[in-house]
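Protein chains: 2
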Amino acid sequence: MDAGPDTATRTGPLSREELAALDTWWRAANYLSVGQIYLMGNPLLREPLRPEHIKPRLLGHWGTTPGLNFVYAHLNRAIAARELDMMYVMGPGHGGPGPVAAAWLEGTYSEIYPDISRDADGMARLFTQFSFPGGIPSHVAPETPGSIHEGGELGYALSHAYGAAFDNPDLIVAAVVGDGEAETGPLATSWHSTKFVDPRRDGAVLPILHLNGYKIANPTVLARIEHEELEHLLRGYGHDPVFVEGSDPERMHQAFAAALDHCLDAILEIRRRARRDGVTERPRWPMIVLRSPKGWTGPKEVDGLPVEGYWRSHQVPFANARDDDSHRKILEEWLRSYRPEELFDDHGVPVPAIRDLHPAGERRMSANPHANGGPLVRDLALPDFRDYAVPVEARGTGSVESTRVLGTFLRDVMRENTSTFRVFSPDENNSNRLGPVLEATARTWNARILPDDDRLAPDGRVMEILSEHTCQGWLEGYLLTGRHGFFSCYEAFVHIVDSMFNQHAKWLRTTNGIDWRRPIPSLNYLLTSHVWRQDHNGFSHQDPGFIDHVVNKKADVIRVYLPPDANTLLSVADHCLRTRQYVNVIVAGKQPQLQYLDMDAAIVHCTKGIGIWDWAGTDQGAEPDVVLGCAGDVPTMETLAAVEILLEWFPDLRIRVVNVVDLMRLQDHTEHPHGLSDREFDSLFTTDKPVIFAYHGYPWLIHRLTYRRTNHDNIHVRGYKEEGTTTTPFDMCVLNQIDRFDLAMDVVDRVPRLHPISAYAREYLKNRLVEHHQYIRTHGEDMPDIRDWEWGRSGR
Amino acid sequence: MDAGPDTATRTGPLSREELAALDTWWRAANYLSVGQIYLMGNPLLREPLRPEHIKPRLLGHWGTTPGLNFVYAHLNRAIAARELDMMYVMGPGHGGPGPVAAAWLEGTYSEIYPDISRDADGMARLFTQFSFPGGIPSHVAPETPGSIHEGGELGYALSHAYGAAFDNPDLIVAAVVGDGEAETGPLATSWHSTKFVDPRRDGAVLPILHLNGYKIANPTVLARIEHEELEHLLRGYGHDPVFVEGSDPERMHQAFAAALDHCLDAILEIRRRARRDGVTERPRWPMIVLRSPKGWTGPKEVDGLPVEGYWRSHQVPFANARDDDSHRKILEEWLRSYRPEELFDDHGVPVPAIRDLHPAGERRMSANPHANGGPLVRDLALPDFRDYAVPVEARGTGSVESTRVLGTFLRDVMRENTSTFRVFSPDENNSNRLGPVLEATARTWNARILPDDDRLAPDGRVMEILSEHTCQGWLEGYLLTGRHGFFSCYEAFVHIVDSMFNQHAKWLRTTNGIDWRRPIPSLNYLLTSHVWRQDHNGFSHQDPGFIDHVVNKKADVIRVYLPPDANTLLSVADHCLRTRQYVNVIVAGKQPQLQYLDMDAAIVHCTKGIGIWDWAGTDQGAEPDVVLGCAGDVPTMETLAAVEILLEWFPDLRIRVVNVVDLMRLQDHTEHPHGLSDREFDSLFTTDKPVIFAYHGYPWLIHRLTYRRTNHDNIHVRGYKEEGTTTTPFDMCVLNQIDRFDLAMDVVDRVPRLHPISAYAREYLKNRLVEHHQYIRTHGEDMPDIRDWEWGRSGR
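Note that the protein sequences, when read in sequence, are chains A and B. Just so we're aligned: 98 in the working numbering is position 80 of the first sequence, and the numbers increase by one with no gaps anywhere. Just so we're aligned: 218 in the working numbering is position 200 of the second sequence, and the numbers increase by one with no gaps anywhere.
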């Protein structure tokens, strides 16, 4: 099935008429693409091009666009012929003009944006708005109908496509992978998604590797390795590739149509064998390699330099069309080469041949319901999280792995939502104590299974691959097509997807302003194996900075929670699973830890998001001497321990303990919708008393969130300050001075009325730290009174 | 050459004696590895194991360790036999006990750490210190001799290995790739480094893909695809793989020795053909696939569950050896299975057979000079950066692409350092205007080259692949082996390597405390195509948050510079290229921009890092009415324009302009070595006057850096607040309220003595913004008086 360079043949599956129709549609899409990049007037070329018809700033990417349009035309033929439910993911999404042109040709664009009517006036506005102030972005974007894939950062086309396909058994996702994109790490490993898709319960992904040979300025690796090597590579990824290579449109139409027919036959045969015949062997999924010139059908040469087929086609092939008569002439010839007079009638409406090519209604890829997941979303059927409550006999006692408790809740969420909920993890599901979900379903696995394997199955819904990128990409695709998910990750290594988070947050933010995009389920992160308990791994695994990264994004799409124990974690998780259109970051430890709140108290506390823990403090409603703030499980424990130490020395000290679950409560309410008003903040933290704040992450974030508060100058924050190694849990606190003794010293230093005896207390506290230091270096573990310390046993 | 499962043969290249020696060394390394994980006493098992001999907290990773030791033993044989210059990169670096054991056996460990002598006492300390408070980390770490590769985050083994090999023609870097790590995106694409290595001028990388079958809790993808698929995949990456598969030590020794001989012969033959015969065709590099059991030679079964060959071997195979007699018995039997009495003499010194296996001196992999780049570093031969100065006729005039000027300097750095300096970029070198370097060298490219290609050659030293991960990994490997480099990247997408930056910064921080690690050249980033000028790409390409991410790391290893024009950029770049042991982040635009400082002034300004621009302000040494701070090229321009607008309305307003090049000058000197003292800060920003600060990135970073300053409450910061799309350059400023009119309004609002006429001024400024808004939506570009505005033409 290898057509080989220039061997694409005239003899193919297309009749003369079909071929002509395809080519007409393609010409129309290409014409509209060039028009978007260059024109702000004279859209139908009813008169010669004049400078004022050309945009003053030419911004956009032509190079990849004709290829995207070519594939679009062929997919349309197949959808119509086979009545397929098909989505289109464009990896090289900088080719934004292409899908916009297609949506306009299909009528979808005018349905969604009535001012961009499908006629000459609308075409004029279509052209002008592109990459124009007040208009639309130059890339495939949330504004583009039919897309779930922002065309900004490269690398996620395949993982998004698979995410869309999971649990959508009738769907086929055509995914164009650019040969530039193919060099990125995330893309390179996402080919292995072939081992995580089940032909029985999932849809299919049809990758189309588009070799157009060049990136911005360099050739691409996959276009320059030997044919045999490339075929090896793709077979190694689990695919059965078909090659379509050349540049002559007629031959290429025949070859691509044949290849597509072959692939769709193969996909339908795989489905039939899996679903009717029960074949469980992993199939070799078909795919297409399309090798065509970059900037195909564009100008061959400008100013004596080759353009079509070269990197010079990448963005705007020539930039002086407004001022340079010869360039403008090239542009006009280029536009006229598509014969617009054959494509659009006198009113600028596409001719029937074009309107007839595309499928109708929701079969149009620009109107495929999966590409706008919001309206498809159904609420999760959630069990009552209170049923999973941990009993708390006495506050600050016990030894519970909070995330394991969460696992039992997620297990039942999984049981009650068998086709709309998955959990994702980079080989850390069990390590993160979410193992209970495996009682409800297996791990997704379609590679070889051995007898001793634990809970692996093709139709499992716990998705684990040692690639944070792939997990995140799958999850994004799953959410964007209207389903729900949960991503658990080691806290330090979630930075691997910092940039993917950025793009998703920007997508959410933008879609908040797009009416026809309805809200989608939130992206829920559980960050665990966190900075304070990396006993096995040490310094390289210690980084709580994802929170800092997240809060740089728009307040209306981000939420951060630090539940201190199991019941608060359950309450927070239940809340997050019900939300839409957020990124929820939950940070919670997986190691055995003290429990503080029974379920009723946990619900109240989480609903407020922040609150005074009367039972832990001694202020009893009066103005305190000092406020101890805390956020995060380990800081909370150390804060309570510090209270006990302080009360031994200063029994009448009025201490207020304020625990923060919802971090954004700290910020001003004008900055974040969850933010406290100044009055509320002051009522918790006072306007003039010292505040010692023990925070899970980098301490300056608390300053950043509170710098406008009245009492900010009195807030002293302890947190992680990049001190760490493989040591004991308590020593991690000591190294970063967030331990109970240091916190107590901070109080002693800052409350004036303690000063008469503060020197003695300080001496004592310092000695305790010396004692700790000596003990761990001898025994290799924390002192028993630290290890076994419980607040609830102090008897207060 | 495929030995196939269980077909490894007794007939192999090893004599009886060689085989015995190899196996003895391997047993010793394994014994020492298990000892490190479990023991804190009785290291030579001279008495039965008792509970107090076992560490109370068992932390470490056994699973991958015996495989790493096996390979180490065989590499040693080859090094000795062939007198090779060889380094060892361990992708599964959580197998920390292995290389520590090897270094101790080779004597290097005791040379570096004299208290860990090569005898029974030293062995006792060797065991105890591992993963113990005050001891060494559980992973391969900076503390481990012979390593440049922290064993924390997975994915960078191959890119580090190639980075080490570039420009080291005699070096062979053996790189073990774990099959877990192989699932990560960065690793998956780094195989394509085969197209970027030149057998003439570079060393060779010998990848050893170690299939031990399991990750933490899951099987690995590459171990569970069909043999044929795996072979396809590796051939697709450009390799010629040899398979060694099995578990019987004797057969495996023979098979691996044969495979290694074959690969080394092939590498030497490739070198010979390239260097002597001038063969330029890209070779298919040999590699080894080693399939061996996870936790090889460990206990077969514990508590009735299989351990050797399963994921249960991943960390500590059984954890109750201290308290559970039967577990302790298993441990003792396991340790004795290595027959320690044959391995160490009465004093605990390794027997001669072991000492004879490893090569001597710097041939020992644990002592290979390349693995400790610091002592190898030679200063760059730097041309005088002043020779590249841009003439500045009048301050605030001109239209210069500053990064292109930098490109001319880097071009000559490249010319003068032909084997110790490379530049790296993800296909953005020309886009970032560093094209001039291509006058000095080509792009590195060893795949197919076509006649119209632009500056591609196998021995080029501009390294471009569309993978930020691979660029960063190569560069890290290059720096860690003592060379110099420069990484240019789109500002938004450098977040792709956030996590890699973390690890490198942690490495630098840790090595600052390790005497025998000498300082290495700094990692220099140029972030360009920045947030304010993403004309082609819009919202997805706008994120200035890498600076925020960087400043979370220890102050002693990070530096951030925002030079506002070409001459300051040259001065900063020259400085950065001379530094050691930092991560330098330089943010500078690539679009034509105003120039402010001639070279003499630029040098003075950059040396101070922050300063009053007298010529731009009107305070003339007196106390100002308002301070306008600025950091970054676009904010600086808008600030100066705001000054002009203000002076039109308020000619006697005393404005002070403070420009910041070295961002960390803002921080307190107790927090960052570059930080200003409070007195210095106050002398610039006053103690009570309003400060309007226009900052390149997210505004809250300025608050974070200055929250302790006396005048902090009066500092009002403008910056990027996640507003953006594809629009005009000035409109980007307007959307984020950092434009000249908004800045002027900020001043008007905050200087009390302006209030009498501030309402009129405000009205005027608002009208200008409305006018702007209307203009760009009609014309698609900024108003001429914005586009062509120059400070220097105002005539002041």
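Any given hint could turn out to be false.
For identical chains, the list gives no copy identity; a pair is met inside one copy or between any two copies.
Said to hold, decoys possible - Straight line, CA to CA, 30 Å or less: simulated DSBU-like cross-link-like pairs of lysine-lysine:
no.	residue 1	residue 2
1	Lys707	Lys347
2	Lys707	Lys739
3	Lys318	Lys626
4	Lys739	Lys572
5	Lys213	Lys707
Just so you know, these hints were derived from the structure itself, not from any lab. Remember, predicted model here, so these are calculated numbers, not experimental data.
Against the structure, the hints come out as follows:
no.: 1; hint: Lys707 <-> Lys347; verdict: neither (75 Å within a copy, 59 Å between copies)
no.: 2; hint: Lys707 <-> Lys739; verdict: within (25 Å within a copy, 32 Å between copies)
no.: 3; hint: Lys318 <-> Lys626; verdict: neither (65 Å within a copy, 53 Å between copies)
no.: 4; hint: Lys739 <-> Lys572; verdict: both (26 Å within a copy, 8 Å between copies)
no.: 5; hint: Lys213 <-> Lys707; verdict: neither (59 Å within a copy, 64 Å between copies)
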